[in-house]
Amino acid sequence: MFTKPIHTKLLLGFLFIAALFLPLYVPDSYMFQIVITSLLFAIATSSMNLILGYTGQASLAHGAFFGVGAYVVAIMTKAGWSFWIALPVSGLVATGIGFFIGLFAFRTRGHFFAIVTLCFGVILFQVAENWIEVTGGQNGIFGLDSATPIPFPFFGPIEFSSQPAQYYLVLAVLLLTLFVLHRVVYSIFGLTFMAIRNNEELADALGINTFATKMVSFAIANFIAAIAGGIYATILGAVSPSAISIMITFNFLIFLILGGMATLPGAVIGAFMIPIIMEFLQFMENYRMLFFGALLVVVIIWFPMGFFGGLKTINQKIIAWRQSNTSEDSNA
Amino acid sequence: MLKVESVTKKFSGLVAVKDLSFEIAKGQIVAIIGPNGAGKSTAFNLITGTLKPTWGKVTINGHDITGMQPYRIVTRGVARTFQTTSLFDQLRVIDNLMIAYKWRTKLGFWNTLLHLPSWKRYQERAFARSIEVLEFLGLTAKANNFIPTLSQEEQKRLAIGVAIVSKPQLLLLDEPTGGLIQDETDRITELIRKIRDEQGITVCIIEHKMQMIMGLADRIVVLNYGEKIAEGSPEEIKVNPDVIEAYLGGELNA
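Protein sequences appear in the order of chains A and B. Residue numbering for the first sequence follows numbering that gives the first Met the number 0, starting at 0 and increasing by one per position. Residue numbering for the second sequence follows numbering that gives the first Met the number 0, starting at 0 and increasing by one per position.
Keep in mind that the hints were calculated from the coordinates and are not lab data. Hints are not guaranteed to be accurate.
Partial list, derived from the structure: chain A residues whose beta carbon lies under 8 Å from chain B [stated by the list, open to error]:
(1) 183
(2) 205
(3) 236
With a straight-line cut-off of 25 Å between C-alpha atoms, the simulated SDA-like cross-links for lysine to any residue are [unchecked claim]:
(4) A:311 with B:120
(5) A:316 with B:142
(6) B:166 with A:5
(7) B:119 with A:5
(8) A:316 with B:90
A virtual CB, placed ideally from N, CA and C, is assigned to each residue, including glycine.
Only chain A is shown next, with the shape it has when bound in the complex:
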């Protein structure tokens, strides 16, 4: 039912090998740091893609769930818990908060849903900034240890203080995320998400519990966002309210729009390419935002499906053109 052509598989294999050997050819540790954070953003953007791109629900609280993950990991590891316990807990906390928010937010649709989730995102930011005893207020929490080493027979413990180790940790989580999303998206279960995006009234009339389905999509997206945030905290060694601010959501949104909504590679391409392009545009200083503003306008008007979505649309047009040709032949 859902198979990929051979050239796609080859390309994916090549990218996988290139990613595996990246520490060998990355130019310097500054660039390496950007690659690592880009991968983390790719994880969070991919999960935003599930709720926004595939399910069609514009959750603007996504950055807040990323921040919740970062804070939970920071607070728990500071209190002496192992990072490997704190990380899944951060996912569960975000899912729990998301469940509560969803109960209210999914009573609304379209723009209203975006506004309601935006408000909840701002509330979470305010909590982070003002609940000083727990979150450290504007200073945040700093001096976090890197992830607890994993004991490993023969080779000794795997430490996560070096950049390559952090890189492989993040890469593994990204691949796991893409694996989960791939399984979900290419299934009848995932089709129900797209059904809601496409025509909610019809989905309802065909026996799909749209509220529950949206809640599940929201929960998966929030869990993954928090995991990305949790790793972000441990790699930076600190967390501050900027990690939970609305700017994080809008960064993810820009990555997703430019990379390509409702495509698995689009989210990764967007999250990976844009911070790197930003680095190359350093010489333009603040004018580079002007450049991105213009780029965003062009993409939204002429390529609403983003970079990868554009490629996919062209591909689908070719398929549709072939289909209409063959059907004309058979009618004749």
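Assemble the complex: chain A is given as a structure, and chain B must be docked to it using the hints.
Frame of chain A, contents of chain B only:
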């Protein structure tokens, strides 16, 4: 099978459907006719849960389904189509059908993520039933097509197929031949008959095309200004003076 008992719907003062009662017996094709704005579509929406009745009761096989959510009413065996052809136009033909079968399965996040044996079984069952329906519709060759590549008639056939893929007991069709020419209308009429005869699904249909309805329906319910003004066999309806007065004029005798 389906029983509608004194159902009334008011929209802030305006009475859209007033004290409507009728029954549909198993194996019948029942038509609801009436002029524009007579409350036909509203009646459908009240049965399928899209709207909640102000008063009255809807039961299917004795089970009360009044005011239930649409997605739950489907699981009681009542499927519907919409007046404007309604499909998932961003998805393929086969996807449209498989989505409609989903509630019959227990496909969820965990069995999908882990590809458990139950996932494989349900996924295959949904696929097999979808292919079966495609054959029934005569659209097998278009399984992987995207919706916009289908003709108007093919889209209407598919919309009906999407409604029957989960094997409902009762199918409600809201103007299934709207905007189609005579030949196409005849083919859809034939399809509706086959749905009753071969799939064993009871059909209730809203339609404007008198000639088609008179040839197809076993019973006809006539609505005017939200009220039932007549009910009976096509022959009875044709000669009913109220119906001729309110709606048909001299059309039928011509």
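So, going through the hints one by one against the coordinates:
1. 183: 6 Å, holds
2. 205: 4 Å, holds
3. 236: 32 Å, violated
4. A:311 with B:120: The given pair, whose Cα atoms are some 31 Å apart, is violated under the 25 Å limit.
5. A:316 with B:142: 17 Å, holds
6. B:166 with A:5: 38 Å, violated
7. B:119 with A:5: With a Cα-Cα distance of about 24 Å, the restraint between residue 119 of chain B and residue 5 of chain A holds, given a limit of 25 Å.
8. A:316 with B:90: 13 Å, holds
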